[in-house]
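Asker: Based on the sequences and whatever the hints tell you, model everything.
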Amino acid sequence: MEADLSDFNIDAPRWDQCTFLGRVKHFFNITDPRTVLVPERELDWAKVMVEQSRMGTVPPGTQVEQLFYAKKLYDSAFHPDTGHKMNVIGRMSFQVPGGMIITGFMLQFYRTMPAVIFWQWVNQSFNALVNYTNRNAASPTSVRQMAVSYITATTTAVATAVGMNMLTKRAPPLVGRWVPFAAVAAANCVNIPMMRQQELIQGICVKDRNHNEIGHSRRAAAIGITQVVISRITMAAPGMILLPVLMERLEKLRFVQRVRVLHAPLQVLLSGCLRLLLEKSGVESNCRLEAD
21 MEADLSDFNI
31 DAPRWDQCTF
41 LGRVKHFFNI
51 TDPRTVLVPE
61 RELDWAKVMV
71 EQSRMGTVPP
81 GTQVEQLFYA
91 KKLYDSAFHP
101 DTGHKMNVIG
111 RMSFQVPGGM
121 IITGFMLQFY
131 RTMPAVIFWQ
141 WVNQSFNALV
151 NYTNRNAASP
161 TSVRQMAVSY
171 ITATTTAVAT
181 AVGMNMLTKR
191 APPLVGRWVP
201 FAAVAAANCV
211 NIPMMRQQEL
221 IQGICVKDRN
231 HNEIGHSRRA
241 AAIGITQVVI
251 SRITMAAPGM
261 ILLPVLMERL
271 EKLRFVQRVR
281 VLHAPLQVLL
291 SGCLRLLLEK
301 SGVESNCRLE
311 AD
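In our numbering, the protein residues as written are 21 to 312.
Treat the hints loosely; a few may be bogus.
[Stated by the list, open to error] Quick list of the computed label-pair ranges, beta carbon to beta carbon:
| # | residue 1 | residue 2 | range |
| --- | --- | --- | --- |
| 1 | GLU268 | HIS231 | 30 to 38 Å |
| 2 | ASN232 | ALA202 | 19 to 27 Å |
| 3 | GLY76 | ALA135 | 26 to 34 Å |
| 4 | HIS231 | LYS45 | 15 to 23 Å |
| 5 | ALA202 | ASP52 | 30 to 38 Å |
| 6 | GLY223 | LYS45 | 26 to 34 Å |
| 7 | TRP35 | GLU268 | 38 to 46 Å |
| 8 | VAL182 | MET75 | 54 to 62 Å |
| 9 | PHE28 | VAL108 | 28 to 36 Å |
| 10 | MET166 | MET255 | 18 to 26 Å |
| 11 | ALA135 | ALA32 | 22 to 30 Å |
| 12 | ARG280 | VAL68 | 47 to 55 Å |
In short, the hints are calculated from the structure, not lab data. Heads up, the beta-carbon is just placed ideally off N, CA and C, and yes, glycines get one too.
Answerer: In structure tokens, the structure reads:
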């Protein structure tokens, strides 16, 4: 029996976006790292299915779950404003694998200046590519603005890391392991406001609960950008603060000392596991709160 898709709206949220849990499920769905491995032809199929659903011309026999899956792939790989396919590294679905690799290597190679400079540059380059890939097409950011933001954030991160490395040479080893987090936090404080400076200058559109535009507000932009900076630093904190403590203890074990070549892959693996555990515990905690 064929499903009735006459009233199906593929752009309607699958989960209630008025609740925190609904928004979490939505973003977990479109940032699923597994979508990075989906072949190009399947992504193209997803785009065709989404466009056909919008026009009400889906092929006979199409099931609702197929459309939900197509929309998941479409949202993960295509820009919401332009509809163009985004580069793989800049997609939000690449954030977990890409972020854990870079974080692991930043935390591993923190002792020498060349390594510190290189990995801070890699991290800021990755962030710049993500920002460019997911830019707001409705409020375009100029190439000059992005370049200035990238250079400033990279300089800030490198200067912070190098400066703190020099200051912590005589400090306990664990303090030196926390230097990458300080550099990342400092760069976020510079990069995000600079990338979104037009919002601070012109304000952002403010809407009521019925999505009716009621004006533009620079104060709302300032509050929103501040929250983004705090959230970025907060999300990086657990892995970049707890993982050095764990590695400090692990590296005292004899069998770990014998396999130094595996220290970097181990940090990458632990970084990924810690990210997934924190995300899972955050969702479960929210489920319990909403149930109560």
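Asker: Taking the numbered hints from earlier one at a time, note which ones the structure violates and give those numbers from smallest to largest.
Answerer: 1, 2, 3 and 11
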